[in-house]
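Asker: The primary structure of each chain is shown beneath.
2 protein chains.
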Amino acid sequence: MTEMKVRVFVMLKTGVLDPQGEAVRHALGALGFDGVQGVRQGKVIELELADGTSESVVTEMCEKLLANTVIESYRFEVL
Amino acid sequence: MTEMKVRVFVMLKTGVLDPQGEAVRHALGALGFDGVQGVRQGKVIELELADGTSESVVTEMCEKLLANTVIESYRFEVL
Chain A
1 MTEMKVRVFV
11 MLKTGVLDPQ
21 GEAVRHALGA
31 LGFDGVQGVR
41 QGKVIELELA
51 DGTSESVVTE
61 MCEKLLANTV
71 IESYRFEVL
Chain B
1 MTEMKVRVFV
11 MLKTGVLDPQ
21 GEAVRHALGA
31 LGFDGVQGVR
41 QGKVIELELA
51 DGTSESVVTE
61 MCEKLLANTV
71 IESYRFEVL
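Those protein sequence lines, which keep their order, are chains A and B.
Residue 1 is where the first sequence starts when you use our numbering, and the numbers rise one by one after that.
Residue 1 is where the second sequence starts when you use our numbering, and the numbers rise one by one after that.
Keep in mind the hints are simulated off the structure, nothing from the lab.
From the three backbone atoms N, C-alpha and C, an ideal C-beta is built for every residue, glycine too.
A few of these clues could be false.
[To be verified] Covered, in the sense of this in silico footprint (three residues per stretch, anywhere, with C-beta under 8 Å from a C-beta of chain A), are these stretches of chain B:
1) 23-32
2) 46-56
3) 72-79
[To be verified] Covered stretches of chain A (in silico footprint by chain B; criterion: 3 or more residues with CB under 8 Å from a CB of chain B, positions within the stretch not fixed):
4) 11-18
5) 29-40
6) 63-73
Extracted from the complex, chain A is given alone in its bound form (with noise of 0.2 Å):
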């Protein structure tokens, strides 16, 4: 069976605090990296699946489980 390779991008949105991404922001100032004004963490997810599934399949998955539609933002890519 062919598949098809969708990615999967998970970030919390804007105004939602970002403790991983404020200690990464802490770490590189203290390895001496400055300049750096911000940092946002968040999640890539690649999935392989049946060819010929299609975009609404994958909006679901991301509203159902992929992202907490809350506090994250998403988008995918078709690769």
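With chain A held as given, fit chain B onto it using these hints.
Answerer: Using the frame of chain A, we list chain B on its own:
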């Protein structure tokens, strides 16, 4: 001060067990999504850096902090 945005992707290397990805794969199956053949989960880190930061500095950030190069690969794009 103007700034530049860099997006870093960190994924587990092929062959390294990815329990988070496996958990997502099982959960998608349990939700009734068929044909999910593989899932890999990684990180996206969006950096706001001082304008003119060179790519070699970003590489250094990745090597020293953002990726564990023993088990993870990374790539980045300047936005």
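Asker: For each hint, tell me whether it holds in the structure or not.
Answerer: Now the hints, each set against the structure:
Only residues whose beta carbon comes within less than 8 Å of a beta carbon in chain A count, and the region 23-32 of chain B has 4; three or more means the coverage holds. Taking a C-beta to C-beta cut-off of 8 Å, the region 46-56 of chain B contributes 6 residues in contact with chain A, enough for the three needed, and the coverage statement holds. A count of 0 residues in the region 72-79 of chain B with a Cβ less than 8 Å from any Cβ of chain A is obtained; the coverage claim is therefore unmet, three being the minimum. Only residues whose beta carbon comes within less than 8 Å of a beta carbon in chain B count, and the region 11-18 of chain A has 1; fewer than three means the coverage is violated.
Evaluation of the coverage hint for the region 29-40 of chain A: fulfilled, as 9 residues show C-beta separations to chain B shorter than 8 Å, against a requirement of three. Counting residues of the region 63-73 of chain A whose CB lies closer than 8 Å to any CB of chain B gives 3, which reaches the minimum of 3, so the coverage claim holds.
Checked against the numbered hints above, the structure violates hints 3, 4; every other hint is satisfied.
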